[in-house]
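Chemist: If you read the protein sequences in the order shown, they are chains A and B.
Quick note on my numbering: the first sequence kicks off at 1 and runs consecutively.
Quick note on my numbering: the second sequence kicks off at 177 and runs consecutively.
Derived from the structure by calculation, the hints contain no laboratory data.
Quick reminder that beta carbons are idealized off the backbone N, C-alpha and C, glycines included.
Heads up, a few of these hints could be off.
Unchecked claim - Cut-off 20 Å, straight-line C-alpha distance, at most; resulting in silico cross-link-like pairs (PhoX-like, lysine-lysine):
(1) B:266 / B:233
(2) A:26 / B:248
(3) B:284 / B:266
(4) A:57 / A:125
(5) B:248 / A:37
(6) A:33 / B:248
(7) B:245 / A:26
(8) A:33 / A:2
(9) A:57 / A:37
(10) A:33 / A:3
(11) B:525 / B:497
(12) A:33 / A:52
(13) B:432 / B:184
(14) B:575 / A:37
(15) B:254 / A:26
(16) B:525 / B:500
(17) B:423 / B:284
(18) A:3 / A:57
(19) B:245 / B:575
(20) B:266 / B:254
(21) A:26 / B:575
(22) B:497 / B:600
(23) B:443 / B:184
(24) A:52 / B:575
(25) A:33 / B:254
(26) A:160 / A:3
(27) B:284 / B:233
(28) B:184 / B:199
(29) A:114 / A:125
(30) B:199 / A:160
As the list claims (entries may be wrong) - Partner residues aside, some chain A positions facing chain B, computed with beta carbon under 10 Å:
(31) 26
(32) 31
(33) 42
(34) 43
(35) 67
(36) 72
(37) 75
(38) 79
(39) 162
(40) 169
What follows is the residue order along each chain.
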Amino acid sequence: MKKIFGGPVLCLDRSDINTDEIIPAKYLTEVTKEALKPYILEDLSLDGFDAKGAPLKNAQVIVTRGNFGCGSSREHAPWVFEVNNIHTIIAESYARIFRQNMFNCGMLAIELPKAQIDTLVDMAKGGALVVSVDLPAQRISATADGREESFSFELSPFDKALVEAGGWVEFADARY
Amino acid sequence: MGQTTAEKIFAAHLRDEPFPGTKVIDIDRVLCHEITTPVAIADLEARGKDRVFDNTKIKAVIDHVTPAKDSKTALQAKMLRDWAHRHDIKDFFDVGRNGVCHAIFPEKGYIRPGFTVIMGDSHTCTHGAFGAFAAGIGTTDLEVGMLKGVCAFREPKTIRINLNGKLPAGVYAKDAILFVIGQIGVNGATDRVIEFHGSVVEAMSMESRMTLCNMAIEAGGTSGICQPDAVTVDYLWPFISGEFASKKAALTEYGKWCADADAAYEKVLDFDMSQIGPQVTYGYKPDCVKPVAEMVGTPVDQVYIGSCTNGRLEDLRIAAKILKGKKIVDSVRGIVSPATPQVFQDALKEGIIDIFMQAGFCVTNPTCGACLGMSNGVLSDGEVCASTTNRNFAGRMGKGGMVHLMSPATAAATALAGSIALAKP
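From just these sequences and the hints, can you work out the full model?
Modeler: In structure tokens, the structure reads:
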């Protein structure tokens, strides 16, 4: 599946969102990624969040806080985003396994400092936030209600290579 | 400049450094279970690459939901079983011989000091108890591991944690690791290796060291690592006696994986463990930790003793000692799940299973089951479980349920009281 980076944003304004919240363990009995689709963020504890609502349905980007994806190693967490057309996550920080799983799937886990996440969360309160990603330049541009902000982000050469290759299987198979 | 244990292991296993800071290492053990492996198998098939790099270095077990509870879990088990047979994976453990992955693989002697170990399971950090680098990884990393025998990591940075002093009577490895997580937080060791040192660790059995390392991930740690020593050699001796002339020779060989005295750590943390009491979690994150004394009287509906954290013989012995000759209260459902068939059999022989049953516990077969709300003790909305497992996330053991993590001793005392209780020394 061709990855699309950027698009309408949903903010999940909380730290330590764990993999059980992203995809509960009871759905780990599925053996295809597609089957996970309806269960995205089903158990997320966040005031005002509706796992069946339009903001999540329309989202292509998640903006969130620290230690996102902590807990289990389940790649079902990135997969449930992937099959819901969310291929970009922007957070203050990630749990190691979740972050690696994102890049291994050829998806983007962007890290921004707290102040910039604050700005994005603030912008989303003012109107529909849309983020575009310029991968070669390693910059994101965010627009909401006439306001525009642009931030650069860091990617290691390995992260970049995985996104360009389409994932770790493709990269490793060509090299080892 | 000296090296940490992880640095030594990485240097000895380095296959490639495709970019600065990215280390691709050779893997000694690729461990598989039926939840995260089937998707990797299906993907390899779809790519026309249904092969394995080495069928002696891959070990597999059906453990999360076993025996299968429905058609979906039966399919997962079948996919793993068929793949294991197709590739002649000798060390494959099916119903009747299967146990919780992080208990059965060490018990079989598969994990050695200096090894690199990966598994599609976050609690793989358990195996670092043997002086190995052991990391939980996702299905894509697992897939490449199965096919190529390699995995990529960032240069490992190590936090050294010195557990000093002596654990008081009635305080166990579970209390020690809960205390540490409470101090450093759920991302206190993210993307870091934790090296455990100090007199408390030196005095611990391998079972206790596994409990300690098991929960490194709950602080975000990539691997928890203990230093291989005489305790490690004694544990492994039945499996390695053919390889070494003496235990002393094994100790010398394994000792080379110990961190150098002048190793550089990102951080060194010292904790005096002589003063801590039994610990328990109170919220929905593993770093919400309090002394049990502050939670006494909190009512519970279920007590669960088992899992890769605390389902080994030592754990069952500790709980049984407290339960012996007593009955748990009617308002509590007690469930004990020995982590492996060997643990189950040994517990039977020692009369431990009898004690649990006389006390009113349900004894289940070895499985991960209830720990992640899959089977054998799932909670209903609003129910509370006192549990020897490793995660207290909201809904972890069942939607709307609350989990208090604790040691087997505290769990046993809680079952007798019907509410969180301190075990009497």
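Chemist: None of the hints should be skipped; say for each whether it holds.
Modeler: Hints, verified against the model:
1. The straight-line distance between the Cα atoms of residue 266 of chain B and residue 233 of chain B is roughly 10 Å, inside the 20 Å bound, and the hint therefore holds.
2. Taking the CA atoms of residue 26 of chain A and residue 248 of chain B, the gap is near 11 Å; set against the 20 Å cutoff, the hint holds.
3. For the suggested pair residue 284 of chain B and residue 266 of chain B, the alpha carbons sit about 13 Å apart, so the restraint of at most 20 Å is met.
4. Simply put, residue 57 of chain A and residue 125 of chain A have alpha-carbon atoms about 18 Å apart, close enough for the 20 Å limit, and the pair holds.
5. Proposed proximity of residue 248 of chain B and residue 37 of chain A is supported: the alpha carbons are some 17 Å apart, at most 20 Å.
6. Between residue 33 of chain A and residue 248 of chain B, the direct Cα distance comes to roughly 14 Å. Compliance with the 20 Å bound is thereby established for this hinted pair.
7. Taken as a hint, the residue 245 of chain B and residue 26 of chain A pair is honoured in the structure, with Cα atoms around 12 Å apart against an allowance of 20 Å.
8. For the given pair, residue 33 of chain A sits about 15 Å from residue 2 of chain A by alpha-carbon distance, which is consistent with the 20 Å threshold.
9. Restraint check for residue 57 of chain A and residue 37 of chain A: the C-alpha separation of about 11 Å stays at or below 20 Å, so the hint holds.
10. Under the criterion of a C-alpha separation no larger than 20 Å, the hint pairing residue 33 of chain A with residue 3 of chain A is consistent with the structure, at around 15 Å.
11. About 15 Å separates the Cα atoms of residue 525 of chain B and residue 497 of chain B, which keeps this hinted pair within 20 Å; it holds.
12. Between the alpha carbons of residue 33 of chain A and residue 52 of chain A the distance comes to roughly 19 Å, so the proposed pair stays at or under 20 Å and holds.
13. For a cut-off of 20 Å, the pair hint linking residue 432 of chain B to residue 184 of chain B stands: about 9 Å separates their Cα positions.
14. Between residue 575 of chain B and residue 37 of chain A the CA atoms are separated by roughly 19 Å; this keeps the pair inside 20 Å, and the hint holds.
15. At roughly 18 Å between alpha-carbon atoms, residue 254 of chain B and residue 26 of chain A fall within 20 Å of each other, so this suggested pair holds.
16. A C-alpha spacing of about 15 Å is found between residue 525 of chain B and residue 500 of chain B, which places the hinted pair at or below 20 Å, so the restraint holds.
17. Of the supplied pair hints, the one linking residue 423 of chain B and residue 284 of chain B holds, its CA atoms being roughly 19 Å apart against a limit of 20 Å.
18. As the CA atoms of residue 3 of chain A and residue 57 of chain A are separated by approximately 17 Å, the hinted pair is consistent with the 20 Å bound.
19. Distance hint between residue 245 of chain B and residue 575 of chain B is fulfilled; the C-alpha atoms sit about 18 Å from each other, no more than 20 Å.
20. Under the criterion of a C-alpha separation no larger than 20 Å, the hint pairing residue 266 of chain B with residue 254 of chain B is consistent with the structure, at around 16 Å.
21. Taking the CA atoms of residue 26 of chain A and residue 575 of chain B, the gap is about 10 Å. The hint holds against a cut of 20 Å.
22. For the proposed pair residue 497 of chain B and residue 600 of chain B, the alpha carbon gap of about 11 Å is at most 20 Å, so the pair holds.
23. This hinted pair checks out: residue 443 of chain B and residue 184 of chain B have alpha carbons roughly 18 Å apart, not beyond 20 Å.
24. As the CA atoms of residue 52 of chain A and residue 575 of chain B are separated by approximately 17 Å, the hinted pair is consistent with the 20 Å bound.
25. A distance of roughly 18 Å separates the Cα atoms of residue 33 of chain A and residue 254 of chain B; the hinted pair therefore holds under the 20 Å criterion.
26. Distance check on the hinted pair: residue 160 of chain A and residue 3 of chain A sit about 14 Å apart at the alpha-carbon level, within 20 Å; holds.
27. Among the hinted pairs, residue 284 of chain B with residue 233 of chain B is consistent with the structure: their alpha-carbon atoms are about 13 Å apart, no more than 20 Å.
28. Annotation: proposed proximity of residue 184 of chain B to residue 199 of chain B holds, straight-line Cα distance about 13 Å (limit 20 Å).
29. For the hint linking residue 114 of chain A to residue 125 of chain A, the alpha-carbon distance of about 17 Å falls within 20 Å, and the restraint holds.
30. Taking the CA atoms of residue 199 of chain B and residue 160 of chain A, the gap is near 15 Å; set against the 20 Å cutoff, the hint holds.
31. Checking residue 26 of chain A against chain B: minimum C-beta separation of about 6 Å stays under 10 Å; hint holds.
32. Because the closest C-beta pair between residue 31 of chain A and chain B is about 5 Å apart, less than 10 Å, the hint holds.
33. Given the 10 Å rule on beta carbons, the hint for residue 42 of chain A holds: about 9 Å separates it from the nearest Cβ of chain B.
34. A hinted interface residue such as residue 43 of chain A counts as satisfied when its beta carbon comes closer than 10 Å to some beta carbon of chain B; here the least separation is about 5 Å, so the hint holds.
35. Given hint, residue 67 of chain A at the interface with chain B, holds; its Cβ is 4 Å from that chain's nearest Cβ, closer than 10 Å.
36. A cut of 10 Å between beta carbons decides the hint on residue 72 of chain A: the least distance to chain B is about 5 Å, and the hint holds.
37. Restraint check, residue 75 of chain A versus chain B: the minimum CB separation of about 4 Å is within 10 Å; hint holds.
38. Checking residue 79 of chain A against chain B by beta carbon gives a least distance of about 8 Å; that is within 10 Å, so the hint holds.
39. Against a cut-off of 10 Å between C-beta atoms, the interface hint on residue 162 of chain A holds, since the closest Cβ of chain B lies about 9 Å away.
40. The closest approach between the C-beta of residue 169 of chain A and any C-beta of chain B is roughly 6 Å, which is under the 10 Å cut-off, so the hint is satisfied.
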